[in-house]
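There are 4 protein chains.
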Amino acid sequence: MDKPRPDCAVFGIWGLPEASTLTYLGLYALQHRGQEAAGIVSSDGRKLFRHAGRGLVSDVFRDRRTFESLPGMSAIGHNRYSTTGSSTEVNVQPLLVIDRTGPIAIAHNGNLVNFRGLRSFLEEEGSIFRTSSDSELILQLFARSYGSNLAGRLIEAVKMIEGAYSLTILTRNQLVAIRDPFGFRPLCLGRKADGFVVASESCAFDLLGASYIRDVEPGEMLIIDEKGLHSSRFADSNRRAYCIFEFVYFSRPDSRVFGDNVDKTRRRLGHLLAEGHPVDGADFVISVPDSSNTAALGYAHRGGLDFEIGLIRNHYVGRTFIEPEQPMRDFGVKLKFNAVAGVLRDKRVVLVDDSIVRGTTLKKLVGLIRRAGAKEVHVRISSPPIQNPCYYGMDFPTKDELAASRKTIEQIEDFIQADSLEYLTPGELLSAVPHDNGQEYCTACFTGDYPIPVDDDERT
Amino acid sequence: MDKPRPDCAVFGIWGLPEASTLTYLGLYALQHRGQEAAGIVSSDGRKLFRHAGRGLVSDVFRDRRTFESLPGMSAIGHNRYSTTGSSTEVNVQPLLVIDRTGPIAIAHNGNLVNFRGLRSFLEEEGSIFRTSSDSELILQLFARSYGSNLAGRLIEAVKMIEGAYSLTILTRNQLVAIRDPFGFRPLCLGRKADGFVVASESCAFDLLGASYIRDVEPGEMLIIDEKGLHSSRFADSNRRAYCIFEFVYFSRPDSRVFGDNVDKTRRRLGHLLAEGHPVDGADFVISVPDSSNTAALGYAHRGGLDFEIGLIRNHYVGRTFIEPEQPMRDFGVKLKFNAVAGVLRDKRVVLVDDSIVRGTTLKKLVGLIRRAGAKEVHVRISSPPIQNPCYYGMDFPTKDELAASRKTIEQIEDFIQADSLEYLTPGELLSAVPHDNGQEYCTACFTGDYPIPVDDDERT
Amino acid sequence: MDKPRPDCAVFGIWGLPEASTLTYLGLYALQHRGQEAAGIVSSDGRKLFRHAGRGLVSDVFRDRRTFESLPGMSAIGHNRYSTTGSSTEVNVQPLLVIDRTGPIAIAHNGNLVNFRGLRSFLEEEGSIFRTSSDSELILQLFARSYGSNLAGRLIEAVKMIEGAYSLTILTRNQLVAIRDPFGFRPLCLGRKADGFVVASESCAFDLLGASYIRDVEPGEMLIIDEKGLHSSRFADSNRRAYCIFEFVYFSRPDSRVFGDNVDKTRRRLGHLLAEGHPVDGADFVISVPDSSNTAALGYAHRGGLDFEIGLIRNHYVGRTFIEPEQPMRDFGVKLKFNAVAGVLRDKRVVLVDDSIVRGTTLKKLVGLIRRAGAKEVHVRISSPPIQNPCYYGMDFPTKDELAASRKTIEQIEDFIQADSLEYLTPGELLSAVPHDNGQEYCTACFTGDYPIPVDDDERT
Amino acid sequence: MDKPRPDCAVFGIWGLPEASTLTYLGLYALQHRGQEAAGIVSSDGRKLFRHAGRGLVSDVFRDRRTFESLPGMSAIGHNRYSTTGSSTEVNVQPLLVIDRTGPIAIAHNGNLVNFRGLRSFLEEEGSIFRTSSDSELILQLFARSYGSNLAGRLIEAVKMIEGAYSLTILTRNQLVAIRDPFGFRPLCLGRKADGFVVASESCAFDLLGASYIRDVEPGEMLIIDEKGLHSSRFADSNRRAYCIFEFVYFSRPDSRVFGDNVDKTRRRLGHLLAEGHPVDGADFVISVPDSSNTAALGYAHRGGLDFEIGLIRNHYVGRTFIEPEQPMRDFGVKLKFNAVAGVLRDKRVVLVDDSIVRGTTLKKLVGLIRRAGAKEVHVRISSPPIQNPCYYGMDFPTKDELAASRKTIEQIEDFIQADSLEYLTPGELLSAVPHDNGQEYCTACFTGDYPIPVDDDERT
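Protein sequences appear in the order of chains F, G, V and R.
The first sequence: position 220 = 254 (my numbering), numbered continuously.
The second sequence: position 36 = 70 (my numbering), numbered continuously.
The third sequence: position 75 = 109 (my numbering), numbered continuously.
The fourth sequence: position 247 = 281 (my numbering), numbered continuously.
These are computed hints drawn from the structure, not numbers from a lab.
Certain hints may be false.
Since the list gives no way to pick one copy over another, a pair counts as held whenever it fits inside one copy or between any two copies.
BS3-like, lysine-lysine: derived pairs with alpha carbons at most 30 Å apart [as the list claims (entries may be wrong)]:
| hint | residue 1 | residue 2 |
| --- | --- | --- |
| 1 | 409 | 226 |
| 2 | 226 | 381 |
| 3 | 81 | 381 |
| 4 | 261 | 397 |
| 5 | 298 | 81 |
| 6 | 397 | 226 |
| 7 | 370 | 226 |
| 8 | 397 | 298 |
| 9 | 381 | 298 |
| 10 | 37 | 441 |
| 11 | 370 | 298 |
| 12 | 370 | 37 |
| 13 | 441 | 370 |
| 14 | 81 | 433 |
| 15 | 193 | 298 |
Required output: the full structure, derived from the provided sequences and hints.
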């Protein structure tokens, strides 16, 4: 689908029986953040154990016996979006290695912006790399650090890296959670019975029956061991740069991130969209299910319009799908969506979507809706035009492929053949997200204002 | 999940290139009617070819080369709900056999009520059976019939069977569609270019770009061959017994069955529910997604209430899911649903569901909603209490397991711990479904009024 | 490989715990008779259970839990050589059906010669066929028979069929073994503890720790049930036609078939070959491993020559093997064999093989041996030239592809580029096999003398 | 089976089209040296490509498309014996990493004896390890070396390692072959058209149609690039320590290793065994097939006895095999071997085997042979008693499990219940292997004389 892709979910758990099974549930709840590969590393206090593979969590862990090979009361896990290329599994996280202090495993959500420089430096120093992942780089830095204990050595390592990183790390007897000083990606802390849980989003806690405590703070390192929870700060700056797209699209509406419920924030986006970008004479509002449902509901309620289900989504789409050799119009989009003619016929429709990347899918959806009989299709987008690539962990097409980097809004309206097209402005978007706790946001994909400068050769 | 299960979808196509690939798409669009097995038989005019297996359509047909082994311009297909027992694939439809006139394949949706009697008769005559399926029985009857042509022989065979059957049949050079005289199960006819398409629901036509022509009539046999389309009637009775549950739950809202859009009918169910069973002081309406969305929208609009999304459904649930050994409260239902606390907290909620079978899932959902902070949960069901088993193709639990066969509505209300529980009455339900074309309905599961009597020994 | 292929092995067991696991072992010992598919049906006295699939026995039954689904103290099994075409498993034996007396399963080794006639007859009578196998035909005949008990009905059925058949049949409480009146294929009876075992070859008994009792006689039907073993005869004729190729190639040397040890008979073939077809000045004898080892040893001992290992066989060849795009000389044969240069260099070699079908493999082997340095290669075949197809259960190429049907021995010698080529004569072959118990043999593939006439339309 | 296990085969190819397909064939010919995992890395001059997995070569590479993902005219490959533990594939060779000079891949046959010391050193220096393999250690040393070119850096790295290593290494534009100064493991060089081939044994060349040139010398590094073949020496010592067990058991008889044909040497072992350890009144000689065939033939010829086939080996044994729950006598050995009663009954048998590890299998074989009717079983072993573990690449049981480390020959004779048991002496063994080119041998497993001292903590 034509959406930005998050890069991954991380999870960690400490001090709970069946830690690996609980990690599996946590990853399942976070499946929307990465669907290409999944992995778990557990510790029984003496050894670390790993199982990982390509596919959905329920594919990679389909055999109860797998969990017998992942014993212990602590574990970390990872969902990965895309694994490029190799048929082997070397790139699947968590990464597990041995350094002079013993085994250590890491799971990473985010993207470093000084990766190439650090990697060149390490290669010159004699390091070898099996993957192209940030995770391996961080572990190499850690292995070379001189501190006398885990905390000191980890801080030494993370001080060298720049960019977005929410990390969970496991040793034989410690669980560590680290969030970068800007706080690009979410990471939150929960509690279940006598144990602790760390996850990219709080929706993972609900499934486990854990309770949300607080976010891991930007620039904070949490170490959890048998003595309890230790927090330390490793960054001086107070500039924050929370990824505002988590509210727009990535996070699940039942999660709490960056200090607010996603549902509530996303609903405010709908309200602002209705207030600032109304449609005269519309019959009702429909959404592109499921990601735009909440914003569309907000639009309907605030706009005094009915919310309707005009597109049915088919959830049975498999990994691969075979297309007839004779081309079929709108094949790809019709596999996922069908328009409900009984609802749409002869209506003036407001279609709410959360974002436009290339615009190709939306163009096909507008066509589907028209062919189902709609008289007018007015598109409202609950975020501003995406004009710039992200270097902090979202996976976009290149700048050239972004509809809004080459076209005006009018041209996009033409392209998707909508009767009208309006976006939220960056200002509107910022006014909808929480600021009550000093939150600051990264809006680079909309505004080009990058919180951390990125050298040309780090722009993949 | 705690829902009645339809038994299967049928599909057929004639006179179109890549007939087997199009059948695959048709089965994909009908996936909601059966997810345990899928199969296709195609004809190239000289031979019949078969591929079938267990799993979703996209699992069974995951390799393009499969379609090279299914050549020809005609094909039939089948989705099956549950395959019991055997690890082999003998039971997966379509069934393909050879009789004295050559190869013939059949796909069946429904359930016969004189199966055991006919089977005993055939066994006494020296027939052998490899499966326990109605399909094999029908083919045995066909093989023993004396008519001089396909039409005559098929009519001779179907006149012996009683019960629910929507059939697609393929020979080397004919496609046949048959619907039983009562018309229990839907079956509709469409057109694409110079070819014909037959499917259980019209939503399959949308994906193919075919257009809906009309329903196959109860008691009608359509034979399509190189001379065109031939219709004949094989039943005298005019009593109809359309399965009203197709409107309540089985069919997709974007389908047209029994002469009306499912979406429209299902919305009327919501309207009647709001009119007859209002909730004073409710804050909003939520649905059990996705099957109850349409009725819940109808309830909200007619009741003057907002529609909200209070339950998030997780669509990544795999075939098997591993449960922790320590029991977790509401584990099964939490895998599929999470309650959105930000929406529900301190609210009076109307929860619309389409039906109650055992009530166990609904009880857990009400609990989830309460623990997410809802003050009151009022449950409204868009159909009457299910009190009787179905012998015409729905798969229910036994009568004893049906909540409404053992409990009063008040007792069910108690059991699911709702603040109130109300159902549609059979009369309300019947008033919502179309009657403009002489439609009559089977409501046996609600009323015990069975259109075809069923002997004790046929009650499986 | 360029060898005739046997069609299948049958097995049966009665009155022993873990009957299905023992059947699995029996099929494993009989794996050389069929490697494409395997299956087991067991009975626990009330129901029959089936598991079957494509591949080696150890592939089809790789999970201990499979045997939990095959309970009971009796079972039959089958190894199949080639399954043609279909990706489904309908053709894999044993076949399990239900007729008026309940479930019945059958496994068949051999080939019927009045199949088409009987099938046409049955089709006219209204039977349907799911497979093209003899087994289904036999079951249809059985189902239509009128006898009052199993024995009577089975005899009625087998009296209608002509050709080669060694059958094992299982009902809820009976195991049956039947061998055709000519006795084409072997079938022997053994005993283990309080139970009975039936198998195509006695080597299956050795693995089970069962002891050989006797052969099932031609025209004999054995029924084993809780009252014990019952023998009856269903044929008047005393003409026998044991497949002499079982001694030449099919059976394992450690088996006893047709009243003698295969090893001993095969060794006599070597003796006769040495006596009648010596090679002057030969340095030693080598075999085409493993099937010709015994005959080659016989040749060496009688000829006063050393036996050497000049060809190494690679046993790791998988089901499919990928060939370079640039053609490699002798690729196929080199995958299986390597010539031992250290043994062969500058030597005059006698190469013993058991038979020649097309001659293509042997031609390549002679080439391999020459390129490894042999000065002369004299080929001796421990059977006569194969000139005619077999209709009784061996799978040959068509007559046109048989080297000896189109070429003289001299022409074959030229074709395979041997320094000399000699075969056993039919008379020599017959003089080597046992006759002490009235054994008579089918030599049709060598002589064209078919014991049962075969109509043109039955010649597949 | 109760045999020492080699650890692996290596292969390399340069300058030939379809290099990866040819590597696959080479690995197939070397399958006997490792059956648990296989892998290939190829280079197209710009990038390195890798595919590897668990299982036989024909399992890991079963799809032609795999080779499209392994383009280029150079490649290396590896067969691995045992992969311990992990379900992931991190341990499967060749290992492919990136260091400061680009991608580099390595395949290793042998075992280092200063692994732990070097690894501790590297860990202290900040290296991280993903595997427990020698290969990763060698690459880490290489990455830290300072030489200005590949040759210098590799020599710097290998000068630090001690033990047995035959290596093939691939960069974008170089193929390297290295053999340790003692020459423990074989490695030979061949030529095909304009390209070069390197393999553990020459039998790989035969399948490819390559010709054997010479062995890679102990202490020699060959670098092959577009300029041709460059040889350099990196060791001063001239002490050799060829693994004498390659002649006894590991290498295929059609290979040439350490300057002689394996077949010829193995046959001399049989001759010496017959001369020094005759059996009075023996009827004939049989072998434990297939590995002891050549020595048994040698024994028979020199001893003036017939060679017979008394044990049939079943080659269909799968990876896993299911055993009945009721224990069966000799189950494991009977799966692999059946005794030919017709040959053995009432005979005095000489049974030649190549070695005894635990003796448990041999004990069962002697039992099988006796129960098949043999009067006497005299066991002759074509190597001396194994009394010591190997640290140079063979995988033995621990010293305690070695029959000969705890028992006298008489006690072993008793244990295996042979009528007599005799071994070759170390002196006899050494007199049978080639010395014409200054060959010296490691006989540590027989004599305890370790060519390289091994510290206690390196003794795994």
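Against the structure, the hints come out as follows:
Taking the shortest alpha-carbon separations for residue 409 and residue 226, only the inter-copy value of 25 Å comes in at or below 30 Å, while the best intra-copy value is 53 Å. For a Cα distance limit of 30 Å, the shortest separation of residue 226 from residue 381 across copies, 27 Å, qualifies, whereas the shortest one inside one copy, 50 Å, does not. Taking the shortest Cα distances, residue 81 and residue 381 never come within 30 Å of each other, neither inside one copy (63 Å) nor across copies (49 Å). Proximity of residue 261 to residue 397 under the C-alpha cut-off of 30 Å is found in neither arrangement, the shortest distances being 57 Å within a copy and 41 Å between copies.
Within a single copy, residue 298 and residue 81 get their C-alpha atoms no closer than 43 Å, and across copies no closer than 49 Å, so neither meets the 30 Å cut-off. Taking the closest pair of Cα atoms, residue 397 and residue 226 come within 30 Å of each other only across two copies (24 Å); inside a single copy the shortest separation is 46 Å, beyond that limit. Taking the closest pair of Cα atoms, residue 370 and residue 226 come within 30 Å of each other only across two copies (21 Å); inside a single copy the shortest separation is 38 Å, beyond that limit. In the homo-oligomer, the alpha carbons of residue 397 and residue 298 lie at most 30 Å apart both inside one protomer (29 Å) and across protomers (27 Å), since each shortest distance falls under that limit.
For a Cα distance limit of 30 Å, the shortest separation of residue 381 from residue 298 qualifies both inside one copy, at 29 Å, and across copies, at 15 Å. Proximity of residue 37 to residue 441 under the C-alpha cut-off of 30 Å is restricted to the intra-copy arrangement: shortest distance 18 Å within a copy versus 48 Å between copies. In this homomeric assembly, residue 370 and residue 298 come within 30 Å of each other (Cα to Cα) both inside a single copy, at 27 Å, and across copies, at 22 Å. Taking identical chains as interchangeable, the C-alpha atoms of residue 370 and residue 37 lie at most 30 Å apart whether they share a chain (14 Å) or sit on different chains (24 Å).
Taking the closest pair of Cα atoms, residue 441 and residue 370 come within 30 Å of each other only inside a single copy of the chain (27 Å); across copies the shortest separation is 41 Å, beyond that limit. With identical chains, the CA atoms of residue 81 and residue 433 are at most 30 Å apart between copies only, with a shortest distance of 27 Å across copies and 45 Å within one. For the identical chains of this complex, residue 193 and residue 298 are neighbours neither inside a copy (35 Å) nor across copies (60 Å), given an alpha-carbon limit of 30 Å.
Comparing the model with each numbered hint stated earlier shows that hints 3, 4, 5 and 15 do not hold.
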